[in-house]
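Number of protein chains: 2
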Amino acid sequence: MVTKDIYLFEEGKKDMGMLLGNKGAQLCEMTRVGIPVPPGFVITTKVCNEYAKTGKLPKRVKDNVLKHVKKIERKTGKKFGDARNPLLFSVRSGAPISMPGMMDTILNLGLNDKTVLGLAKQTNNEWFAYDSYRRFLQMFGNIVLDISKESFEDAINKQKKKEGVHLDQEISLDGMKELVKKFKKIADVPQDPSKQLFMAIGAVFSSWNSDRAKSYREFNRLPNDLGTGVNVQTMVFGNLGNDSGTGVVFTRNPATGEKKLYGEFLLNAQGEDIVAGTRTPKPVNTLKKVLPKAYKKLVQTTKRLEKHYKDVQDIEFTIEKGKLYILQTRTAKRTASAAVKIAVDMVKEGVISKKMAIMRIDPSTIEKLLHRQISDEVSYNVIATGLPASPGAATGKLSFDADDAEKRADAGEKVILVRSETSPDDVHGIVRSQGVLTLRGGVTSHAAVVSRGLGIPCVSGCNELDIDYKNKLLIGKGIKLGEEDTLTIDGTTGRVIPGGVPLVDPKISKEFAQLLKWADSFKKLKVMANADTPKDAKKAVEFGAEGIGLCRTEHMFMSQNRLPIVQEMILSKSKEERERALARLLPEQRKDFTELFKIMKGRKITIRLLDPPLHEFLPDVDEIQEDIRSIKKSGNKKALAEKEELLKKTIHLHEVNPMLGHRGIRLGLVYPEIYNMQVRAIMEAACNVKKRGTRVSVVIELPLVAEERELATMKDEIDKTAMEVQKKKGVKIPYHIGTMIELPRACLIADKISKYVDFISFGTNDLTQTTFGFSRDDAEDKFLHYYFTNKILEEDPFVVLDEVGVGELMKMAVKRAHAQKPGIEMIICGEHGGEPKSVHFCHHINLDGVSCSPYRVPIARLAAAQAAIGRKK
Amino acid sequence: MVTKDIYLFEEGKKDMGMLLGNKGAQLCEMTRVGIPVPPGFVITTKVCNEYAKTGKLPKRVKDNVLKHVKKIERKTGKKFGDARNPLLFSVRSGAPISMPGMMDTILNLGLNDKTVLGLAKQTNNEWFAYDSYRRFLQMFGNIVLDISKESFEDAINKQKKKEGVHLDQEISLDGMKELVKKFKKIADVPQDPSKQLFMAIGAVFSSWNSDRAKSYREFNRLPNDLGTGVNVQTMVFGNLGNDSGTGVVFTRNPATGEKKLYGEFLLNAQGEDIVAGTRTPKPVNTLKKVLPKAYKKLVQTTKRLEKHYKDVQDIEFTIEKGKLYILQTRTAKRTASAAVKIAVDMVKEGVISKKMAIMRIDPSTIEKLLHRQISDEVSYNVIATGLPASPGAATGKLSFDADDAEKRADAGEKVILVRSETSPDDVHGIVRSQGVLTLRGGVTSHAAVVSRGLGIPCVSGCNELDIDYKNKLLIGKGIKLGEEDTLTIDGTTGRVIPGGVPLVDPKISKEFAQLLKWADSFKKLKVMANADTPKDAKKAVEFGAEGIGLCRTEHMFMSQNRLPIVQEMILSKSKEERERALARLLPEQRKDFTELFKIMKGRKITIRLLDPPLHEFLPDVDEIQEDIRSIKKSGNKKALAEKEELLKKTIHLHEVNPMLGHRGIRLGLVYPEIYNMQVRAIMEAACNVKKRGTRVSVVIELPLVAEERELATMKDEIDKTAMEVQKKKGVKIPYHIGTMIELPRACLIADKISKYVDFISFGTNDLTQTTFGFSRDDAEDKFLHYYFTNKILEEDPFVVLDEVGVGELMKMAVKRAHAQKPGIEMIICGEHGGEPKSVHFCHHINLDGVSCSPYRVPIARLAAAQAAIGRKK
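These protein sequence lines are chains D and U, in that order. For what it's worth, my numbering labels the leading residue of the first sequence as 1, then goes sequentially. For what it's worth, my numbering labels the leading residue of the second sequence as 1, then goes sequentially.
Hints in this document: simulated from the structure, not taken from any laboratory. As the structure is a prediction and not an experimental result, all values here were calculated from the model. Hints may contain errors.
One copy or two, either will do: identical chains are not told apart, so a pair holds if it fits within one copy or between any two.
Said to hold, decoys possible - In the BS3-like style, the derived pairs of lysine-lysine whose C-alpha atoms are separated by at most 27 Å in a straight line are:
no.: 1; residue 1: K755; residue 2: K811
no.: 2; residue 1: K297; residue 2: K260
no.: 3; residue 1: K526; residue 2: K837
no.: 4; residue 1: K632; residue 2: K526
no.: 5; residue 1: K368; residue 2: K517
no.: 6; residue 1: K815; residue 2: K752
no.: 7; residue 1: K632; residue 2: K470
no.: 8; residue 1: K477; residue 2: K573
no.: 9; residue 1: K791; residue 2: K575
no.: 10; residue 1: K470; residue 2: K638
Given the sequences, and given the hints that come with them, work out the whole structure.
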């Protein structure tokens, strides 16, 4: 396409951002559709690139600029450099992608010793004219000639002191004239308006390659040859009397989404006066009384803008002597709840389609709608900031260990569990706490993962604080909090606040519910939840989960009344002894599953058999050793022998790398009686529930497979037990066997694995660990933080699925599994299943579904719909 | 191909094993080339399959059998079932693949109440005839009619008791006749010879589907429809007097390879008499005197057999009344050293080609030629057997900790280090020990890997023994050994022997050297060694390594005099402090590299920068805590503070999964000063050595890369330091930067990685860990053992490269790296680099080289040659 160097605002349009810069393109668009925009023109980004090479503005461009100035003169009836009716310009940069670090605006360009007189006459306000001149000299001097701001400020301060006044506005007319003189000495600003204009344009282009702009681009990986456009626009003044003014309006309320003009204005003022905050602006609807005509025009114009852009607009306007000018319009920033309301309302108004409404909501922003928050209306004292590990805010008294937390919670107290880090031993305490605060570990630490799963707020890795366990104190800078003190944590922001703070409960608005319903009608991915408890399962159903994609049974082994039996089972010396302990766990497990089946009412439940290594259920070696020391003193020989046995077994079960140790299906193979008990419990529960008339659909899932013969062996065992139970109960249960792919090798042999299962779930937490060789327990503080800071990794692969590595293995697995068994169901579970970018990826590689924390189900539903509609990432 | 049901021995040949069974095919082959084989015929495996379906011998086959019996009658002049000159048969099974669990041999078939008289007349030996008849009844009864052996044995014993004799041979003729009568009552053996023959043939076919045979096939994954052949062969008798006999000979000495007929014979005896051991056989050469004609024929015939089969033969023969018959020939089993000598000799004799010689040696058997062995000529008492973790035998006094081992070794004592397991802390003790014995850990445990690398014998995982560290005792069943006792271990077999045992030093024979030279001329893979010390490097060169493919620098950090500096470095509170400690390590590192460069004389050395997590260099938490307890008593406050600081740091550095933790290039990135010191030391050493006239070729290798930006960053650092040193020294060193691929993600991004390096080495130990999700420290005792026993895995993936998973990732990586940078050098290092099957795989996926322990270099050279020559796996 042959392009011109310069475009009049009438000549461009909104999709010419690459050529004209974004700001320029929008000014053109508004002009084109008849919005009252002060006339002007844009010099293209191509000229910027030309300038970058030569460091000069070519004569051709200069001539062209002057030609366009003439056009603006004709349009406005004013003349550039004219002593009676001078045309003044603002000059602004504007790149294709919004980019801080580039040139500020120069206003009032065209003023000189002669034109200032014309401006005084035009506006009938000599003070105003000299003030404008002084401002121009100051801006030009600073921005174009690179003279420090202080030089000008000093002069102003001296003048104020001399006159004994405090504000710039109080400086006398003579004082202003004096300042103009002084400024002209400080900055050698040319009197020739054309020269001013060329120099200003050159300064904009130079600013494109300023160090600040370049390092910004490097940091954000933006190309250097985008270039910036230059917008040259006629000045309009809101400070020419009480028939003038300036303001900012939103076409709808950006906090609530209410459909009502929202904003403020100042009479007889320029935009910078609003920013400066020296005068208090008035609500925009009061303009109706003051300048009814202009207000009417404003309402009309903003409505047109919203309709034209099909979205809420954030609009800057100026009224010059009763005439309305729009200086800028842009899509308004809004709160998450406003975004949802606006999108849904606009569909109902027929402005946008359902698809557009869905595409317009950033799924990552809606998470906070699902959690309790600190009220916006209070201020508070933050003593430390950790990582936002599980969203939502919570208030409670401090508890320093899980048993204590459980006990006090049982007694009706609200507690925040505070630990340097948590382990599976602490889960019973986490469950009963309002929130969790840890000093170590990242957003994928144990505390973070468990809390997110449970929907409990958590701040992790808050290393600014210390814990004195002995005296039960949380110690920060100049602050010590004990068990009786109250603490508030905000897991959405990572803030830690001493004392209680008013919290606001979340509500799913009717618009939000509507939006999600629409989303469901578009999405291809099934959205399920990870839920281990009845509480989770209910939440999951409430948030629209279509089933449970991952039910981890290990948490069932952790509860205080079962742990002793589990430990007995682990410490058994024979298979028989182990089976006796398991027999006591069986009814408990059956109860768990019965409840889940009842809640899910026929929705599919994927139950993963025991996964973690057995030593996770045993106490710490240190703890046992301490026990032994104290028992030794008491002299109880039997107790001593028992503890010593426990110590021996614990040491024996200890693993150097438990993540890669004896867990998952490896456990099931070596101790088939454990899985056997679980399968029996599942099938018995299923039969009982079905007998009482509730449908049941269940997948029995085998974790951590690396080799297909593991599955072949285990599948036979499961089928045998399942058949036996069904036969005994006289009920048929439509159960399936599934497996998790959590290891690179499992991805490579997905075809072989598919022979044995009907269901595969990618456990991308572990798959990420093995693919990268990153232990998530160790990586975060030790080196991942360094990696993010130094951009070795751009995103945390434990949060956003790594498409290059992990994702490629998944793609391979999907292809191979589908080739072997076209109908096989494949989903993702774990952290990534509720992360929007990862959900998109899952859609694109043809997964059947995602499963995530109940609290992320709405996010996943939305993201899945967006993926189906085809949003580019 | 249309096949017949039955083949005369003259009609088949050696490559018809699938149809005739292996034994049958060889009998045919010998007959075909004119070797004197007793006449006979083979019923095919196809008939076996037919039989398996119907359970019957078809009439067609029966008729055909009788037709072939007639042919044999014509050939021998004897008649089947004839009362005067009876033809007798042996009936044997013979499958295409040698398979225990099938039918034994039935001899003397054709005997009945009439023909026994004929046999007596033929042989002029009535006792012999009845003994043969009684044996036939016994075999037929037991094998065909399934009557227990005991029934017959009982009768024999009664008869012997009655006659007051001890041996079967002493039973009187009447006694024999009596036994025949009794046996006929026990077993209803048909008198009709044809019926006998059909039943025997049916029994062979039935035995193909016996439970024993089926489970053998299942276990060995052999197809069920291979079927077995049946060999029906004329009986010959070696026990017809002093002009008869039987024996076994090898065409060359199977222990030494010496070219001389080797074997033994018994006059007037059947084969079973040799097996029974009741008479002592004579050396075969004494036959020359006794039966010179038969001996001459034997020498001629065996020579022809060797020439025909082009390999040493193991031959069974019988002489019946002066006439030589060959009953069986097969390729002789031989010792590794004999195999090498025979292969090389045969090339020189023009019997086989160099390629054939190379292909004939199983690389896995030659390992023992490279290590010291227990003398074959002594007997000894084995108290326990562990895993054969590092080959070779060693004798020494027991030492229970590494410091002690080092001290005593320095004082000139020979010690065996005995530990329940070893850690990097023990390396200085391992290095100075004769051998290592551990109670825990498998063949890929720390002790095993380090010992193999160092060529020190090691027995690991010997869990039959216990250690009492307090009293310094090794405790086994009924035995206690202390520091002053001597122990012998055999790392080739896993045996543990109390006391000293004579050992035999290894020697590389001239034939072995010759074979390896030939191998080098065929192989495509470069064979390098993993060597960290001057001792290793010398060994590597001696064994023909073309360079060092992996020099691990961490061992250099472990030596007793450096560890305190390393610890100081780790405990540094600032970068400056750390740099000060590193500055003290620099000259030590420089010394290490200088020596290596000198030894390798321009051969390429790949130096891997520090890999393990830093906490591996710190003492155990338990140890520090104990120190703290004892210091507390002494009241030394400064020492206490220091220890407490150490404890804090150690706990801070502790990792949950160190294998996936802060190690490798992650360490280099977070603490660039460590790698900087190492690069400086390497380059300074290289410059110094080159200045003194020795060529230097070096690859600086970065471990554990997961993301290309890790390399991009580190490469810049290294180049900067390398340039600086070269400039200062005024020397140019042709160095390259390389990396290790040890993670699945690195395989997937091998193309991106290749942009930054000229050399890639697959660290398949770690790659196997991450691909499978198996921690090698934990997997072996906890579940891998179970996996092997239950055939979930057929081979240990830490020993034999897993082609399905790890191998596929490697293939992918090779393809991608080559696409990006065709000339890039790619090798494998680590355990698999010296394992023959894995070497083949490396050849086939187009690697450039392998690197392995110096002691495995000859194995790798041979395996690489075999891969190039194109041996099927």
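So which of those numbered hints doesn't the model satisfy? Hint check: 4 fails alone, others pass.
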